[in-house]
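Peer 1: Chain by chain, the residues:
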Amino acid sequence: MSLWSFFTDPVLRAPTIACMLMGLSSSLIGVLVFLQRRSLLGEALAHAAYPGVALSGLCLAFLASQSESLFSLAVLGGALVTVFLALALIHFLEKKLSIKADSALCFTLSLFFGLGVLLASRLQMSHPLWYKQIQLFLYGQAATMTDAHVFFYGILTLLIVALLLLFFRPISLIHFDQGLAQLSGLNAKWLNGLLLFLLGLSLVVGMRSVGLVLISSLLVAPASGARQLSAHLSTFFWVAGFFGMTSGFLGNYLAVEIPLWLHLPRLSLPTGPMIALSATFLCLAALLLAPQRGYLIRELRLLAFKVRCRQENLMKQFYKAAGPLPLSLSWNLWRMRRKKWIFRTEEGSFELTKEGEKIAAKIVRLHRLWEVYLVHMGQGSEKVHRSAEEMEHILTPEVEKELGELLKHPRRDPHQQIIPR
Amino acid sequence: MSGYAIEVKELSVSYGKTPVLWDIHFSIPSGVRVCIVGPNGAGKSSLLKTLLGIVPSLSGEIKLLGNSLKEVKSKMAYIPQRSSIDWDFPATVLDVVLMGTYGRLGFFKWPGKAEKEAAFAALEKVGMAAFCNRQISELSGGQQQRVFFARALVHEAELYFMDEPFAGIDLATEKALAALLNELKEEGKTLLITHHDLSTVRDYYDWVMFLNTCLIAYGPTEKVFTLENIQRAYGQSAHLLTQAKKLTENRTSGF
Chain G
10 MSLWSFFTDP VLRAPTIACM LMGLSSSLIG VLVFLQRRSL LGEALAHAAY
60 PGVALSGLCL AFLASQSESL FSLAVLGGAL VTVFLALALI HFLEKKLSIK
110 ADSALCFTLS LFFGLGVLLA SRLQMSHPLW YKQIQLFLYG QAATMTDAHV
160 FFYGILTLLI VALLLLFFRP ISLIHFDQGL AQLSGLNAKW LNGLLLFLLG
210 LSLVVGMRSV GLVLISSLLV APASGARQLS AHLSTFFWVA GFFGMTSGFL
260 GNYLAVEIPL WLHLPRLSLP TGPMIALSAT FLCLAALLLA PQRGYLIREL
310 RLLAFKVRCR QENLMKQFYK AAGPLPLSLS WNLWRMRRKK WIFRTEEGSF
360 ELTKEGEKIA AKIVRLHRLW EVYLVHMGQG SEKVHRSAEE MEHILTPEVE
410 KELGELLKHP RRDPHQQIIP R
Chain A
16 MSGYAIEVKE LSVSYGKTPV LWDIHFSIPS GVRVCIVGPN GAGKSSLLKT
66 LLGIVPSLSG EIKLLGNSLK EVKSKMAYIP QRSSIDWDFP ATVLDVVLMG
116 TYGRLGFFKW PGKAEKEAAF AALEKVGMAA FCNRQISELS GGQQQRVFFA
166 RALVHEAELY FMDEPFAGID LATEKALAAL LNELKEEGKT LLITHHDLST
216 VRDYYDWVMF LNTCLIAYGP TEKVFTLENI QRAYGQSAHL LTQAKKLTEN
266 RTSGF
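Line by line, the protein sequences give chains G and A.
So in the working numbering, the last spot in the first sequence is 430, and the numbers never skip.
So in the working numbering, the last spot in the second sequence is 270, and the numbers never skip.
Keep in mind that the hints are not guaranteed to be accurate.
Keeping only pairs whose Cα atoms sit at most 25 Å apart, straight-line, the calculated DSS-like set for lysine-lysine is [unchecked claim]:
#1 A:LYS260 <-> G:LYS104
#2 A:LYS190 <-> G:LYS410
#3 A:LYS124 <-> G:LYS105
#4 A:LYS32 <-> G:LYS109
#5 G:LYS367 <-> G:LYS315
#6 G:LYS417 <-> G:LYS315
#7 A:LYS88 <-> A:LYS78
#8 G:LYS417 <-> A:LYS124
#9 A:LYS124 <-> G:LYS198
#10 G:LYS349 <-> G:LYS315
#11 G:LYS104 <-> A:LYS261
#12 G:LYS104 <-> A:LYS124
#13 G:LYS349 <-> G:LYS392
#14 G:LYS325 <-> G:LYS367
For the record, the hints were derived by calculation from the structure and aren't laboratory data.
The structure presented is a predicted model; accordingly, all values stated were derived computationally and were not measured.
Isolated chain A (complex conformation):
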């Protein structure tokens, strides 16, 4: 073991012909809450999905808990962006949380009593136990996010990947979820989270990563979360990056 929870070397990713991430290089020690910030289309979600093997990488090396993704899949939990989910899907809150046990159970065993109890305990933890038989389409944004947290909790993972968990939720839920993040960190879990609200970065995260196609800055929050870095990631100079990306895309698709 190298002591790092996540190690990434020279990672590049593209969607079809569009470059998304260029030469990303970083390592994350275990037991920290890391947030990824950057403007829209900076490749934050893509970075998470690549680490999880949902999006293939073009080149580079990824090590999770010192191993390849395949060997540690069962130790990873993932919360997708709420807006990417079809909330009209016929399922109750309990159904969704039980999906978190599928990876552990294998796909051809049905969840039993132990799984249901675990799911219920997780729902209790996020304050949604009373809603366990509710249709997911009837939930508010904050409640939906709590359910997804419960689903991630039943994973009993080491690494948690979350895509914009604080987007579009009420303040009470935000506080409750932030407390849960802290609790997970105390238990020694590693969390990698994309985040859009710069005003809360200092409160919720130990480390911060500025991303805009390239890795712009990375390190402990108190050192790296500076006005200068924010300007480098979001400001005028970043605009050139977007332009360069568009040019590459046009060239490589034959326009």
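Just chain G, same shape as in the assembly:
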């Protein structure tokens, strides 16, 4: 199926768009949670929505109401109420009873979720149909979402985006420097309240599509991945939002396409877990491949540095020996010849070119300068060689200049060897 059909097909359209909206709102809020280093808070609060959902279902069941939209609204309302009750409990545990944050979160999570299971099993006994409706919110069921859902969640997502845009600078200031924020006239309590309200809202937006149990993955993964790629807070928000939306789309796409690829049309993949997995893979890719901070990229740079060290050490040997030298490291020699650092004489030995001479002299110079510096700092001259072996590859021209000025451009190193200019 074409990508575009996911936005036009009457069956696929609503779930796809709804999941993308959900991905957007929860990943944006995830950035805030990330900055506050409170990723577990989303997990605890999401589980705390369950008793609210169950209680609303129970109430409606006893009122014998059949209205679908009343049900949706009641469930959302109930979820929000218990989420904020849980928030109050966490606050009380941390502030009044001085319980550590992680314990308070675990306690609240299990207490509320336990209550939810209790209420749900009561419902299962008396109203099995309503019970099934409620289970939808636990693991989500994107496939059965309709245009009405899209409209409703779209409005909530828009509300979240609009509030974030409007309060962007207060939010950035309060997360970086609360003192200056307050001095600049911000009411920290009020703003923190707003952020917690947005967090609650984003959880409620997500519970119908990914479900309460998995929604926290969309709070955590896009933000952690996006952090690798962003230098400014604004980029952080954009990239995380993009990751969230992409995960929402990929979840739907893969849930439909993978059974087709495997020629197993009866295989039915749930959308919610696919979204969570997509988000996690995107995050993993960013952690590994981000141009500045990515793990693999850093490993590659490290490898390049090691190669350079080896070549520079060879150059140093040339410089000191100033004559033919048997060398078997053919690859490195080949690289150095290609860079025109060394050339082959008619007798078949290697020698430094003019350019190579300069580079090699510089390495030796850095080595010896560093030795002088360490001795200047009170180190014994017999102990300085090892550190200099490393620093000769690392010191920048600025540091070299400073060293020269500090040591008054010494002529000889501690071992009385001449320092090349």
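Please build the complex by placing chain A on the supplied structure of chain G, with the hints as guidance.
Peer 2: For chain A alone, coordinates are given in the frame of chain G:
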């Protein structure tokens, strides 16, 4: 105008149940560099934060430039303790300095060309212009402090409050920042700074305040910065103060 930049009368502050400052009373003329010294936990930072309205006071009166805090907020700049900041925050050096313009701009206008130029000029002044696109997490302690100075400079404030600006920085930065303090003083600004290194007090400050929950001594440096006062603030007798504080805390929280 009373002629004083800062006037504080009978100020008391507590964190929850813990008393932090008792009956502080002082006034600071404008155009001087004042340092607050005292042992750890003496309430130095709390005094700054209370004056800035970040921490509420229990009782007492504070007048800044002859007015209440609300009316002069835009004329105050604040440099928090470097260790209290999350330096892994996604921001560049320029981003941080631009935060200094938020108070002036209001929160819903975006910084424009004029603000960026002001930020750049401030960075030039502290010798960090070359670093303006650098991530703040990559800076050394001294560089971080220079950036915070630049942020305070774009405030164009009358009163500068700084919390331990000389803690954990290199000597070159310390000299540069001390020169900047002098420059600000020459411009008639008033500076209130917490400080931990007693050996530099004479060089960097005109007035000194010994604080240990109570105000122990206060006045021009050459008169007040004496061995006797240092002993009163840091020595054996001060130990009783700490004990009294702990006792009050226990009593009032029900232990």
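Peer 1: Take the hints in turn and mark each one as holding or not.
Peer 2: Hint-by-hint comparison with the structure:
1. A:LYS260 <-> G:LYS104: 21 Å, holds
2. A:LYS190 <-> G:LYS410: 21 Å, holds
3. A:LYS124 <-> G:LYS105: 39 Å, violated
4. A:LYS32 <-> G:LYS109: 19 Å, holds
5. G:LYS367 <-> G:LYS315: The given pair, whose Cα atoms are some 21 Å apart, holds under the 25 Å limit.
6. G:LYS417 <-> G:LYS315: 32 Å, violated
7. A:LYS88 <-> A:LYS78: 12 Å, holds
8. G:LYS417 <-> A:LYS124: 52 Å, violated
9. A:LYS124 <-> G:LYS198: Judged against 25 Å, a Cα distance of about 22 Å means the pair holds.
10. G:LYS349 <-> G:LYS315: Roughly 20 Å between the alpha carbons, so the hint for G:LYS349 and G:LYS315 holds.
11. G:LYS104 <-> A:LYS261: Holds, because 20 Å separates the two Cα atoms, which is no more than 25 Å.
12. G:LYS104 <-> A:LYS124: This hinted pair is violated, its Cα atoms lying about 36 Å apart.
13. G:LYS349 <-> G:LYS392: Violated, at about 35 Å.
14. G:LYS325 <-> G:LYS367: Holds: G:LYS325 and G:LYS367 sit about 11 Å apart, inside 25 Å.
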